[in-house]
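**Q** As numbered in the working numbering, residues 3 to 595 make up the sequence shown, in order.
Treat the hints with care, as some may be off.
What the hints assert, rightly or not - Pairs of lysine to aspartate or glutamate, EDC-like flavour, derived with a Cα cap of 20 Å:
#1 Lys57 with Glu193
#2 Lys57 with Asp90
#3 Lys364 with Asp526
What the hints assert, rightly or not - Simulated restraints on C-beta separations:
#4 Asp321 with Asp446: 29 to 39 Å
#5 Arg441 with Arg362: 25 to 35 Å
#6 Leu417 with Asn370: 16 to 26 Å
#7 Arg45 with Leu240: 49 to 59 Å
Worth flagging that the hints you see were computed from the coordinates, not collected in a lab.
In this text, all values refer to a predicted model and were calculated from it rather than measured experimentally.
Idealized CB from N, CA, C, for every residue including glycine.
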Amino acid sequence: MQTTGLFSPSPNVRRGNSFLGTLGAALVLVFGVVLVTGLSLDRSQTAMVRFLAEKGVALITALESGVRSGTRSRTGIRLQYLVEELADRPDVRFIAVTMPDGTILAHSNPARVGEVLTTLGGRELVPENIAALGTSASPAWTIMNMEGSRSFVVFKTFHPRAKGERRAPGDEAVEGPLPFIFLGLDLAPLEVAQAQNRERAVLLGAGVLLAGMLALLGLHAVERVRASRRGQRVAEALAEELAVALPDGLVVFDARGRITRLNRAALDLLGMEAPAKGRTYQGRKAADVLPAALADLAARLHVEPVLADTEITLRHGEDVRYLSVRGGHVNEGDEGRLGSLMFLRDLTEVRRLEAEVRRREKLAAVGNLAAGVAHELRNPLSSIKGYATYFGGRFPAGSADREAAQVMVREVERLNRAIGDLIGLSRPTDIRPRLIGMRRLVEDTLRLIGQDAASRGVAVRFDASPSLPEVAIDPDRMRQVILNLCLNALEAMPDGGELSLSLQPDAEALRLEIRDSGMGIAPDALPHIFDPYFTTKGQGTGLGLATVHKIIEAHGGSISVASEPGQGAAFRILLPLREDGREGAAEQGRTVS
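All chains, please: the whole structure from these sequences, using the hints.
**A** Now the structure itself:
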């Protein structure tokens, strides 16, 4: 699986741009190396030519000086002798002093005196050729075939006497027009130097080109690494944003099954706090961090490639959460598994709504039954009560017969009340809400149970926030709710204990908690605690908590219970601070005035 940043170019585009950039840089580098190498060769050749030219000029100057010196001393030193002496140098191919018509006056080869200089193919150097060379008083040079070999030829007009000096007797060799001097130097040093320079330049250029290409390849590799890291950073940032924004819980494991991250939603669902500074969940085993039920699923996910949707129940103190867990492996092609992902979805609200639907369906069934029962039973019960009253009046006061008749009347009345409660569950609750202070209502209700609590050895505590907003409720109905819950709590503590009530603002609702330290409620009974006729007491109709639930629902609020056997029970009531609940109640057919 290759990850590409959402806001970065695709890998193909980046690869193409990088290749074109590298190719362009390589072409520029090759052109630069060729240009620099050519300039270097040109500079080397120019320096070598200048050296040979200066060398030839120096020899010619020495020859001229020698001729002048011999002339002044009248020692008989002749031009031919000096030419032959200078021509003995290994780097001198020939020296020739000629007349303007090409006739040789002096030559390094004495046999050539009187002849004409020759060029390529033995052709004679005619005056037109000499004139074409541009001979003048200033030295010049050329590379040409002269006197049977290819030479570096330095030439100029020959000045055997200083300016203004008179000719000496016997110096006829240099009489008449000024002669020309041609000095041919061996080209081998130049050619060897050029070859060496070319070799060095080629090697240097190749080295520079190789180094440049390696540098370009290195830059290309670095750029690809940087691009890869940029893509990785973008992918990581995107993954981080997705993990944060994901409404479901996310737990990420590495290939060894150890935790690498938990997003905020997962921490909330699992009731875990973010790790303190200096501590982390990263790298720890699932069994050391996650609840047991979830750790078991993590162990399965480590072995199995896919974890099918599984529902688990987690308890955090008084809260119960229903979670849907699913997951799978994350693979990277041939590299195998990189890790695993586990997704957690909160089903608590779904299960609550399902339970609410079932409860409403049950209430609807009870209502239909109640209507039929009330119609079928009340008329016979009225007749029975009438006859029991009649016959009771015919017996003497205090007699057993009269007492039996009174028992019949009381039982009929009890049946009538039960039928009335049954019908009440099937009807909308009639509430008359008004804005009141909830604190005063709770305190008044607690006074009603004060004597009963004291007789049972139960301590009553009430904690309320100093600033509580008013709430729209029906005070009589709400007093009925609080009284019912408190009496149930007292009955759950026959040997004494503590009854605590808490009233606090909670977001857009007012939260009332009623908690006891009694025997608690069995786990299998909790889902049915608000069902009609469900009771865990030896006596009772099982309608009290169903009525409480119905009253709270009519106010647009909610009620929940949490309990552990032997650790008491806690009922939590949330009442909306706005009047939206009354509108909702009216839509459901309840009477609101």
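**Q** Confirm or reject each hint.
**A** Checked hints:
1. Lys57 with Glu193: Measuring from Cα to Cα gives roughly 16 Å; hence the hint holds.
2. Lys57 with Asp90: 15 Å, holds
3. Lys364 with Asp526: Between lysine 364 and aspartate 526 the Cα gap is close to 18 Å, so the pair holds against 20 Å.
4. Asp321 with Asp446: 29 to 39 Å: Check passed, 31 Å falls within 29 to 39 Å.
5. Arg441 with Arg362: 25 to 35 Å: Since the Cβ atoms of arginine 441 and arginine 362 sit about 32 Å apart, the hinted range of 25 to 35 Å holds.
6. Leu417 with Asn370: 16 to 26 Å: 19 Å, holds
7. Arg45 with Leu240: 49 to 59 Å: 57 Å, holds
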